Amino acid sequence: MRILAVCGMGLGSSLVLKMNIEKVMDQEGIKGTVDVKDLSSIQGEKADFIFASEEIGKKIDHPAEVISVKNMTDRNEIKEKVLTAAAKLSK
Amino acid sequence: MILDLLTEGRIAIKIKAANWQEVVQTAGQLLLVDNLITEKYIEAMQKSIIENGPYVVIGKGIALLHARPEDGVKKLGMSLVTLAEPVNFGNKNNDPVKIAFAFGAVDDKQHVKAISELSTVLMADNAVNKIAVIEKPASILNYMEKIIASENYQK
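Those sequence lines, one after another, are chains Y and E. First residue of the first sequence: 1, per UniProt numbering; consecutive thereafter. First residue of the second sequence: 1, per UniProt numbering; consecutive thereafter.
Lysine-lysine pairs mimicking BS3-like chemistry, simulated, CA-CA at most 27 Å apart: (1) 79/Y - 130/E; (2) 70/Y - 81/Y; (3) 23/Y - 130/E; (4) 70/Y - 47/E; (5) 46/Y - 59/Y; (6) 113/E - 74/E; (7) 23/Y - 46/Y; (8) 98/E - 16/E; (9) 92/E - 58/Y; (10) 70/Y - 60/E; (11) 14/E - 92/E; (12) 109/E - 46/Y; (13) 14/E - 130/E; (14) 113/E - 23/Y; (15) 60/E - 23/Y; (16) 70/Y - 14/E; (17) 79/Y - 31/Y; (18) 79/Y - 113/E; (19) 136/E - 113/E; (20) 60/E - 79/Y; (21) 40/E - 14/E; (22) 113/E - 46/Y; (23) 113/E - 81/Y; (24) 98/E - 81/Y; (25) 60/E - 59/Y; (26) 109/E - 70/Y; (27) 98/E - 23/Y; (28) 79/Y - 98/E; (29) 146/E - 79/Y; (30) 58/Y - 60/E; (31) 79/Y - 92/E; (32) 92/E - 81/Y; (33) 130/E - 70/Y; (34) 81/Y - 58/Y; (35) 92/E - 59/Y.
FYI, nobody ran anything at the bench for these hints, they're computed from the structure. What you are looking at is a predicted structure, and each value in this text was computed from that prediction instead of being measured.
Using the sequences and the accompanying hints, generate a full structural model.
What follows is the structure, given as structure tokens:
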């Protein structure tokens, strides 16, 4: 599973998101990569899913499905969304 | 790593702030007095919230404030402001903000380890509410250190 974690600058919130997605993937034994990107550099990037805050998610124009995260520090929300994404991919 | 960047002197406890701009100003000031950033960087952090929206409120009650390296970062560093009264940033999911971290990154790499450790701390149960009521900077650092150490131990 290839995920992009996206925010306005690719320095702060997307990095927190990446770390927390990786923690969940690690715990759940899901294989994949999470790369941090800023809004302006996602065009042409290959990905299965893009994770971002709701506000940033609305601005994303990319073929991959955008999954918006409300609380980037909520382990349960991230776990649920990563597991849903992994299940979609395995179909 | 994060404990090298966020020192006791860069933590301000139970600050009274009337609005989010004052929160950014206070957090930025802590970096400015240590000569880690220029004045311009504080403005850039505020401008980023106006332009990109309040997604800097990354989780319930937590803001992660920053701008870009070229906006006036001299040296990598981090500050923390805890608030006497929670402040709204305009984020419908995660307002009001109780604690705000600010950092200045010099590139897209050097701060990664510190943010990783910060993520670990913020994912811990009820971390925000615990940090928000701690009375001394040293006690906050001690609390963070314990969470980071226990995470490293589990690996």
